[in-house]
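**Student:** Dock chains B and C against chain A, hints included.
Protein chains in written order, with our numbering: chain A, 1110 to 1419; chain B, 17 to 399; chain C, 900 to 1268.
Hints may contain errors.
As the list claims (entries may be wrong) - Computed beta-carbon distance windows for the label pairs:
no. : chain 1 : residue 1 : chain 2 : residue 2 : range
1   : A       : 1114      : B       : 308       : 26 to 34 angstroms
2   : C       : 1175      : A       : 1394      : 25 to 33 angstroms
3   : B       : 71        : C       : 932       : 50 to 58 angstroms
4   : A       : 1397      : C       : 1116      : 37 to 45 angstroms
5   : B       : 191       : A       : 1114      : 43 to 51 angstroms
6   : B       : 326       : A       : 1236      : 42 to 50 angstroms
7   : A       : 1174      : C       : 1098      : 53 to 61 angstroms
8   : A       : 1300      : C       : 1179      : 32 to 40 angstroms
9   : C       : 1129      : A       : 1192      : 22 to 30 angstroms
10  : A       : 1373      : C       : 1083      : 31 to 39 angstroms
11  : C       : 907       : A       : 1397      : 34 to 42 angstroms
12  : A       : 1300      : C       : 1133      : 30 to 38 angstroms
13  : A       : 1394      : B       : 395       : 29 to 37 angstroms
What the hints assert, rightly or not - Not close to chain A: a few residues of chain C, all C-beta gaps over 12 angstroms, as computed:
no. : residue
14  : 1033
15  : 1093
16  : 1137
Simulated from the structure, these hints should not be mistaken for lab results. Since the structure is predicted, the reported quantities are computational estimates derived from the model, not experimental observations. Ideal Cβ placement from N, Cα and C applies to all residues, glycine included.
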Amino acid sequence: MDVDLALVLTTLARALAFSTPLLWAALGEIVVERAGVVNLGVEGMMILGALAGFVVAQSSGDPWLGLAAATAAGVAAAAVHGLLAVVLRANQYVSGLALTIFGLGLTGLIGRGWVGRPLRNPMEFVDLPLLASVPLLGPAFFQGQYVLSWLGLLAAVVLWFVLHHTRLGLVVRSVGENPAAADAAGVRVLWVRFLAVTFGGAMAGVAGGFLSLAYRPSWGQGMTNGLGWIALALAIFALWDPLRAIFAALLFGALFTLSFSLQEFFAPQLLTMMPYLFTILALAITAVRKGAGAFGAPEALGEPYARGRR
Amino acid sequence: MRRILMSLAALVALAFATAQDDPLKVAFIYVGPVGDYGFSYAHDLGRQATQEHFGDAIETVYVEDVPEPEVEAFIDQLVADGADVIFGTSFGYGDGILAAAQRYPDVIFGWGTGISRAPNVLTYMADFYQVYYLNGLIAAALSESGDLGYVAAFPIAEVKRHINGFTLGAREVNPDAEVAVRWLYNWFDPAGATEASEALMANGADVLAFTEDTPTVIQVAADRGYPGFSHYASMVEFAPDHVASGQLVHWDTIYIDILEKVLDGTYTTTNLEDVDYFWLLEQGAVELGSEPGVPVAEPFVDDLREVVIDHPEFGEIDVYELVLERRDQMAQGRDVFEPFMGPLEDRNGNLVYEDGYMPTLEDLLSMEFAVPGVVGPWDNEPQ
Amino acid sequence: MNGLRIERRGAPSAALVWGVSLGAVAVAMLGTGLLFAAFGVAPLEAARVIVERTILDARGASEVVRRAIPLMLAGVGLTLAFRARFWNIGAEGQLLIGAVAAAGVALFVDLPGVLTIPAMFVVGFLAAAAWGLGPALLKVRLGVNEIITTLMLNYVAIYLVRWLVNGPWKGSSLSGFAYSDRFDAAAILPTIGTTRLHWPTLVLAVLAAVAVAWLLARTRFGFEVRMMGESPEAARYAGVDFFRTTLILVLVSAGAAGLAGVGEVAGIHHRLVDPGSLSIGYGYTAIIVALLARRNALAALVTALFLGWVAASGDVMQVALRLPSQITGVVQGLVLLCIIAAEPILEYRLVRAPRRAATPPDAAGPEAT
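In isolation and in its complexed conformation, chain A is listed as follows (with noise of 0.2 angstroms):
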């Protein structure tokens, strides 16, 4: 039984820690698809965070400040998505692929000069006064944690607020359940669409920054290795709602984490595959109880908005 707990504890200390990126990551993509527009390109914006990130500190000393070029890598990259998805009204789809190629192709040139040096000042391990000596919750979630993973938890908070008790979120919503009508309503479309791309990417850079000045504080080609896109599948499995997207973060992340202390009693590749079919799983499930009232996708997710005029 004793082992059991803390079998239990670690397992979440260390979901938290993982999914941390993951769940900044996803947080932004489900602002952005609250705003109608997919962005695929997850994979290729956290890459160039981490990057850049990595880059600045590195130099500066500052992990902080390494965490603000990360943001602003993030968010140019959106920006590029931004340009062509929303205000070129290119296929989306496409359009965020090529921004993953890319970003993954760019960094790895970009970053040979990085290559295979510790960051000399990571962030590190705190304990959370206070909550830290809480029983269980506390060795669960709040003792040797990193700040952006509360902070994250935090975000994920307050993002919920704002999506649904401010007039932001409602403007936010509107132009992705129904542009025409927001339009109609006076709300800028695609200026609305395209601020929320942006933030989108600076979530995913800040995710990018988590992991090459915290969770792995160095520089490695492809180091995000495909979190991009489970932060994708959390965000549609969260059914696009910040609050739930803490619990399919820790989720996914206890999946992961228990594909290496479970490895006696499971073949590792079939836990990591869950998240997936999870998120296929929650959309057929909403899609079901759709009709009862359970929110689904964003009305007008993927679909461009061409009114065609300014």
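**Tutor:** Positioned in the frame of chain A, the structure of chains B and C alone reads:
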């Protein structure tokens, strides 16, 4: 950047030069980026040392990040570029190398970690099992709990050899030591290596060893204050106070030997069928050390000296001395000391090598069993 | 911008399509040239070397075509799906599943020698088609976004292959390395001379392109597919059976990607290998193939060759031009970005006109060709 232009110009100039003056053109094909700080990085250090050794007599080039099924296409390009000798460093290049070797009978091929040969294809390997055994001695002496952790890439014979060697070493110092293994099923997976290391430490492991292609395990162990081991090349920079020792490779010893024999005509495109390098401490292809020339990192020497055991062969001996003794024995040859010398039982109690049996190369290359002390899943384990 | 309005074009003329497509490629090439220059390689000299080694050299040319084969098959299938606005992003997974099924036949089914290869293609097609069935059903029955489901299934397929080669199907003679055993000779496709050009798959790809083109142009099914894509409302009004038509077109589209997977294992790898080796993103590149071909099956043969050439050029850049390997990815991304940036030019035009009522938003978008 200007260098590339100059080398282009040099190529043009070469075309006009007489054929006799051409240096031997040697190409290396890597499966990862040279900056991976793992397998390909180590091979490229070997290439650079080889180039330096031969000076103008050879010209080396490399291609990196070559996917396994694309190796044939790259060989085509390299041959078109005039390569005389081509080394493919990955096991997965085998099918491509053997096919290309038939097509280009005038080119000598080397298949690193390979298992089959042809008249113009030799195989070569620098194997770490002896060094892992030495690191096992060190790990057990440094561990408070007797629980060691091992993050492993794939359950292939080579990695199984490593883990078994490590465990035999650990049990020589502490007969109760256990080595818990977690598999990545990947050579490159930083997140996986992180979580595997954390899972091992959560289960009580306080010293971590690994076989995979990043310095992740060392960094993660150091975060919790635990020691780790360099792999392939020095990783001291990644955790300056927490790298106790490690296994270092010198591929150049093998490359230099092969190329010397190519240059003096010993190796030709018709007589390589039986040329298989399996080089160990004896040939200097591998080294014990956190970095070259440092068998045990300074802060850990005293720790090892404090652990004195009653050894059946050496009597009262501290572990630092034991490590150096064993290293020197193995450097003299396998017949002086061999970690896998019979009698050897696997962890299921089967006698795998009879008393006094010296495992052959074939035995080592097909090792499937786990020795007692190894804990965790083990694919294809004989029951 | 006042007084300027973006308006959807009708069908763009063939000349415009060619002009814009070639223009996009030219811009990408220009960007590539600048990149080369930044690395100290003279762009024109680089172009000469690349052309010499990939097009003028027989073996180089065979490698271009060899890489184009899976792109052709998967790409042709996608042109059909995209025509009906079924956004199948899952060709990668469907390709892998085709490969798995074919490998299963090659490794475990005892057949008379001559039947092995045909059986592998048939089973590969069927398995991949079945893999595509899930997203198709979810889309037509429940309205679930097929882009997401097909994308997710790619990862499921990747982990499935990874599990197979690391677990139940791992070869017995490979010191534990994660590959299946090698296929028997009867399960290996013939190639032209000593090249790796497995010509039966190439023939199949051309036949598939012709068949899809014929289906689209000459059959009732093709008419329904086009109508679904161009005007779903009209299609519904005309009594098109969305369920049946979507199912059939997805089966064909996914099946074609499956055939590509069969060709890869039977023609190139001769065993089941790690998914990252089995397909170097062919399923994703095929999306570009289909879009660049403007959803025309026959044109997909040409665009597949073009993208096969881009990939083959990457080898030359590294070996002959001594450029870092990562440059290949940058060039491919650049080509992609230019191509999609040019797409809207074909879909919309700027007109100087007085303001009037907006186009209904739900009919707008580049999809609605």
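**Student:** Now tell me, hint by hint, if it's right for this structure.
**Tutor:** The hints, checked one at a time:
1. Checking the proposed 26 to 34 angstroms range against residue 1114 of chain A and residue 308 of chain B shows it is violated: the Cβ atoms sit about 46 angstroms from each other.
2. Between residue 1175 of chain C and residue 1394 of chain A the beta carbon distance is about 32 angstroms. The supplied range of 25 to 33 angstroms therefore holds.
3. Remark: the range hint 50 to 58 angstroms for residue 71 of chain B to residue 932 of chain C is contradicted by a beta-carbon distance near 36 angstroms.
4. Distance hint check: the CB atoms of residue 1397 of chain A and residue 1116 of chain C are about 38 angstroms apart, consistent with the given range 37 to 45 angstroms.
5. Taken as a hint, the range 43 to 51 angstroms is violated for the pair residue 191 of chain B and residue 1114 of chain A, whose Cβ atoms sit roughly 31 angstroms apart.
6. Between residue 326 of chain B and residue 1236 of chain A the beta carbons are some 43 angstroms apart, a value that agrees with the proposed interval 42 to 50 angstroms.
7. Take residue 1174 of chain A and residue 1098 of chain C: their Cβ atoms lie about 57 angstroms apart, and the range 53 to 61 angstroms holds.
8. At roughly 39 angstroms, the beta carbons of residue 1300 of chain A and residue 1179 of chain C sit within the given window of 32 to 40 angstroms.
9. Between residue 1129 of chain C and residue 1192 of chain A the Cβ separation comes to about 27 angstroms, which falls inside the hinted range of 22 to 30 angstroms.
10. For the hinted restraint 31 to 39 angstroms between residue 1373 of chain A and residue 1083 of chain C, the CB-CB distance of approximately 35 angstroms keeps it satisfied.
11. For the pair residue 907 of chain C and residue 1397 of chain A, the beta carbons lie near 35 angstroms from each other, so the given range of 34 to 42 angstroms is met.
12. Taking the beta carbon of each, residue 1300 of chain A and residue 1133 of chain C are about 33 angstroms apart, inside 30 to 38 angstroms as hinted.
13. Checked against the hint of 29 to 37 angstroms, the pair residue 1394 of chain A and residue 395 of chain B passes, with Cβ atoms roughly 36 angstroms apart.
14. Listed as outside the interface, residue 1033 of chain C is inconsistent with that label: its C-beta sits roughly 8 angstroms from the nearest C-beta of chain A, within the 12 angstroms cut-off.
15. Against the 12 angstroms criterion, residue 1093 of chain C stays outside the reach of chain A, whose nearest CB is about 32 angstroms from its own CB.
16. Every C-beta of chain A lies more than 12 angstroms from that of residue 1137 of chain C, the closest at about 23 angstroms, which supports listing it as non-interface.
Violated hints, listed in ascending order, are 1, 3, 5, 14; each of the other numbered hints is respected by the structure.
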